[in-house]
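Engineer: Residues per chain are reported as follows:
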Amino acid sequence: MKNKKLAKKITFLVLILIAVSQLFPLYWLLTFSLKGNAEIFGDNIIGLPQNWRWENYVRALTQTNIIRYFLNSVFYSATTVAVSGMLSSMAAYAIARMKWKRSGLVFGIFAIGIMIPAQAALLPLFQLLDRTGLKGGYLALLIPYIAGALPMSILILTGFYKGIPKEIEEAAYIDGCGVFKTFLLIILPIIKPAIATASIFTFLGTWNELMLANTFVDADKYRTLPVGIMSFAGQYSTDWGLIGAGMVIATIPTIVIYFLLSNQVQDSLVAGAVKG
Amino acid sequence: MLGKKSHIAIFVLPALLLFVTFGLIPLVTSGIYSLFEYDGIGTMNFIGFGNYVRMFTEDPNFIRAVLNSLLLTGASLFIQLPISLALAMLLAKGVKGEKYFRTIYFIPVVISSMVIGQLWIKIFHSEYGLLNMLITTVTGQTFDYSWLSNPNTAFLSTVVPAVWQYIGYHMLIFYAGIKSISKDYYEAAMIDGASKWQTNVKITIPLLAPVIKTCSIFAITGSLRAFDLIYVMTGGGPNNASHVPATLMYNNLFRRGLYGYGSAQAFFIVIECLVFSYIVTKLFKKAEENASVL
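Those protein sequence lines, which keep their order, are chains R and Z.
Counting in this note's numbering, the first sequence runs from 1 upward without gaps.
Counting in this note's numbering, the second sequence runs from 1001 upward without gaps.
Worth flagging that the hints you see were computed from the coordinates, not collected in a lab.
Being a predicted model, the structure only gives us computed values, none of them experimental.
Okay, the calculated bits of chain Z under chain R, using three or more residues with CB under 8 Å as the criterion:
| id | region |
| --- | --- |
| 1 | 1008-1021 |
| 2 | 1025-1037 |
| 3 | 1100-1113 |
| 4 | 1117-1130 |
| 5 | 1164-1177 |
| 6 | 1246-1254 |
| 7 | 1266-1272 |
Idealized CB from N, CA, C, for every residue including glycine.
Could you build the full structure based on these sequences and the hints that come with them?
Structural biologist: Next up, the structure:
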């Protein structure tokens, strides 16, 4: 019995240690975002700020373009989630529930998309956007983001659609609903949880995306948060308080969504991995 | 009604056209470019697999980049996954605060790798970084080693946050897998007098084979295509020591204008991912069959 108790204590200690190692860097980020250089580079490197410098945040918001980047990121993410959610819930519906010969092939095409790393399409995409004049505008990122989000959403949604009993549509048709009305009013409400799962997956991917945002956007006014902060981290490299404040601002939305929906977020990322 | 062609087209074509135009065709185009000598402006010279041969025979930077990405893959497979699996097994047994631990371990996963990268640049900072400060406190001597600007440690310094960030991710997938194993197996094992350790080795891990396979494929392909953290933390430097194929490819395409050669490197990453996924699937075939028999 004693051994069992000891084992339990050691287990708990290990879990706590790992939790600390996962959280400590973030705690450190939060504290240095509220300190002046004297503290950051002096003798209060890991403690709570002695003098809480909220002005780091004020400076980040006023001296840099961070508000613009933030709004851009909101716009890119929200539009990508909405449009890719709509397109993928329609396409997955056709794949999972409509009767046609090529549905397997189309599903296969989207399944390939999950295997492709974005970098493999980067250059031709760059040229395509350049030639069509889309580069240098919101569409330069929106279109690749939406196209890139489709495969995973379709995979997640197809699985859900297959679990709905056939009788649902039959009953709707007997009641005189057409295909579109049935889809909008009956099917979509049923798969709401699956759409939420796919949306979270899409949101996190879009909000945090770096490579395309860094490549397809030249003008400052179309920049996303990750690229914007990376550039001002270079510009103000010795001003850790300011950079820290910017990084915290960029992280807040994902953390808030995570804490509000932690089960849903965890489920959706597991769904993404397991289906992929 | 569900078989009408016009309905199907309306539902499936918008997504399909968008994905084919902006996903599939660019991928195929990359594959075609990889067979040419091409700088984006001049003529395209067909050179067959010349670019692929060049990567391995004339480009020590590329070889180093491949070795680096294999090192990252190894760290992910043999350090990250075992930690995640062990954590998942400890948590799934039912510990006090199970849900809190799960939530905490997962936090780094949702943060952008740009933020994680910038943060770890500061952790590894030679004078004011968390790491050197810790070493200085423990040893009592000033330690100001510059982790990221020394070619010997630059890449390793990017491996640490890469492993750190996704421990919670794999943990959660394992955890979900363990929770889906029927309790009957454990009850039967207990009746037979099996120890905790025995049930872990003989029941949990074998039954988890499909999940371990998924995580392995995910860890491997994620490592082979890694870009963000390395791009942010070292940019491949110093002296090209910390490149991986993705960052090298990026430089070749967008800094040096080597469209053909860079495309070959991009395509190499795709091939690598497919080959490794295939190998892992083959390796796990037997284990998965056993898992389904149990």
